[in-house]
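S.K.: Turn these sequences into a full structure, and let the hints steer you where they fit.
Chain order of the listed sequences is A and B.
The first sequence maps to residues 1 to 150 in our numbering.
The second sequence maps to residues 151 to 337 in our numbering.
Please note that the accuracy of each hint is not assured.
[Unchecked claim] Here are some of the chain A residues that sit facing chain B, going by a computed Cβ distance under 10 Å:
| hint | residue |
| --- | --- |
| 1 | 6 |
| 2 | 34 |
| 3 | 46 |
[To be verified] Over the 10 Å line for every Cβ pair with chain A, so calculated as not near, a few chain B residues:
| hint | residue |
| --- | --- |
| 4 | 161 |
| 5 | 169 |
| 6 | 179 |
| 7 | 202 |
| 8 | 203 |
| 9 | 256 |
| 10 | 277 |
| 11 | 285 |
| 12 | 289 |
| 13 | 290 |
| 14 | 313 |
| 15 | 316 |
| 16 | 335 |
[Said to hold, decoys possible] Over 12 Å on every C-beta distance to chain A, these chain B residues come out as not near it, computed from the model:
| hint | residue |
| --- | --- |
| 17 | 163 |
| 18 | 263 |
| 19 | 334 |
Please keep in mind that the hints were generated in silico from the structure rather than gathered at the bench.
Heads up, the beta-carbon is just placed ideally off N, CA and C, and yes, glycines get one too.
If you want the building blocks of each chain, they are given just below.
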Amino acid sequence: MTLPPFERFYEQHREEIFAFLARRLGRDRAEDAFQETFLRALRAYPTLRHGEHLRAWAYTIASRIAIDEHRRPRADADLPELESLDGRPAFAQLEHLADQLPPTERAAVVLRYGYDLDYSDIGAALGSNATAARQAASAGIRRLRQKELR
Amino acid sequence: MNAVSPDLDRRFRDAAAREGLLDVAYDLVDSPIGSLLVATSPRGLCRISYDADSEREVEQLARAFGLRVLRSPKPIDAARRELDEYFEGKRHSFDLAVDVALLADFNRRVLRELARVPYGEVVTYGELATRAARPRAARAVGMVMNRNPLPIVLPCHRVIGANGKLTGYAGGLERKETLLRLEGAIL
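M.R.: Here's what the structure looks like:
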C-alpha cells in the first residue's frame with residue numbers, strides 16, 4: 001500500500017488520536033501532546049516505506065508522547081515521579097525485543113506491555129477490536145517465549 | 151466531547167509550516183471565478199487549480215513534490231492577498247516567487263515569456279512561440295498553456311488564437327473571458 005499524502009493521514013487519524021490522548025492526559029494536556037504527535041509524525045513521514053499499519057504507528061507515537069507528558073512535572077501537582085526499576089522505560093526495551101514479530105503482533109505487544117494501553121485502545125490502533133488485539137498480543141508473547149527458549 | 155477544536159487544528163497546521171516540515175502547503179482561496187486551490191513549495195508558488203476536487207489535486211501535489219502536503223493557510227497568505235488585489239483591479243502584476251523547477255525546459259522558457267505579457271494585453275499562440283525562439287511551435291505553446299500550473303499568476307488567459315478568438319482555456323472559456331474583461335482587454 002502506498003503512503004497517502006500527509007493531509008489524508010492527518011484527517012483520518014486526528015480525531016481518534018486526540019480522543020485517545022484526552023483519555024490518558026485530560027483535555028488540556030492532550031492539546032500539546034496532540035500537536036507534538038503529529039509534528040513528530042510529519043518529521044518521520046518521509047522515512048516510512050509503505051502505508052501499512054499507519055494507525056498503529058500513530059498510536060505508538062501518541063503513546064510515547066503521553067508517557068513523556070506523564071513524566072513531566074506539572075505546575076498543579078507535586079506528586080513524586082515513579083521511576084522504572086532499571087531507569088530504562090518499558091517501551092524502549094520491548095520495542096527492541098519485539099522487532100522480529102509480524103507487524104500486528106509487534107504493535108499489540110508494544111502497545112500493551114510497553115505503553116500499558118488497554119485492549120480496546122489497541123484494537124482501535126490496529127483497526128480491529130479488543131478481542132483481536134488480545135489475541136495478537138498473546139500470539140506475540142508466545143512467539144517471543146519460543147524464541148527465548150531456542 | 152473530546153473532538154479536535156478548530157483552534158487546535160489550526161495551531162497544528164501553523165506549526166507544521168513554521169517548522170519547515172512541509173513539501174507543499176495549500177489552501178482554498180475564494181475568487182470571482184470560483185474557489186481556487188493555491189499551493190506553495192518552499193521555493194515558491196507551485197499550483198493554482200480551478201479543480202474543485204481537492205483530493206485529486208492533493209494526490210498530484212504529493213506525487214510531484216513529496217508526501218508532506220498539508221492544508222495550511224499561513225504560507226498562502228501573500229498569494230491570497232495578491233490575488234484578492236488582482237481581482238479588485240488594484241494589482242496589475244504579481245510579486246510572488248514561483249516554483250517551476252519540475253517543468254521541462256521548453257515549458258519553462260515559454261512560461262517565462264508568458265510572464266512578460268503585460269496586464270490588459272493579449273498575444274497569439276504563434277507570437278508567444280516566436281518570443282520563445284520556436285516560431286513554428288504554436289501548437290506546442292498551446293499545450294504548455296493548457297498545462298500551465300499557475301494560471302492567473304502566469305497569465306495564459308492573455309494568449310488567444312490568430313483569428314482573435316479566445317480559443318481555449320484549461321479553466322473553461324468563461325473564466326478566460328472574465329479575466330480578460332477584468333483587465334479591460336475585451337469589452
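S.K.: Can we trust that residue 203 (chain B) is non-interface, i.e. its beta-carbon lies farther than 10 Å from all of chain A?
M.R.: Fine: 14 Å to the nearest Cβ keeps residue 203 (chain B) off the interface.
S.K.: For the hint on residue 34 (chain A), just tell me whether its beta-carbon gets within less than 10 Å of chain B.
M.R.: Interface hint status for residue 34 (chain A): holds (6 Å vs cutoff 10 Å).
S.K.: Hold the hint about residue 6 (chain A) up to the distance rule: shortest CB distance to chain B must be less than 10 Å.
M.R.: holds (5 Å)
S.K.: Can we confirm that no CB of chain A comes within 10 Å of the CB of residue 290 (chain B)?
M.R.: Per Cβ check, residue 290 (chain B) is outside 10 Å of chain A; nearest 31 Å; holds.
S.K.: So is residue 285 (chain B) really clear of chain A, every C-beta pair being over 10 Å apart?
M.R.: Correct as stated: the minimum Cβ-Cβ distance to chain A is 41 Å, above 10 Å.
S.K.: Should the label of residue 277 (chain B) as a non-interface residue stand, given a Cβ cut-off of 10 Å to chain A?
M.R.: Holds, since 39 Å exceeds 10 Å.
S.K.: Checking the smallest CB distance to chain A, is residue 161 (chain B) really beyond 10 Å?
M.R.: violated (6 Å)
S.K.: Are all C-beta atoms of chain A more than 10 Å from that of residue 335 (chain B)?
M.R.: holds (37 Å)
S.K.: Minimum Cβ separation between residue 334 (chain B) and chain A greater than 12 Å?
M.R.: Per Cβ check, residue 334 (chain B) is outside 12 Å of chain A; nearest 39 Å; holds.
S.K.: In terms of Cβ atoms, is chain A entirely out of 12 Å range of residue 163 (chain B)?
M.R.: violated (9 Å)
S.K.: Please verify that the nearest CB of chain A lies beyond 10 Å from residue 169 (chain B)'s CB.
M.R.: violated (7 Å)
S.K.: Taking the shortest Cβ-to-Cβ distance between residue 316 (chain B) and chain A, state whether it exceeds 10 Å.
M.R.: holds (35 Å)
This entry does not satisfy hints 4, 5 and 17, going by the numbered hints stated previously.
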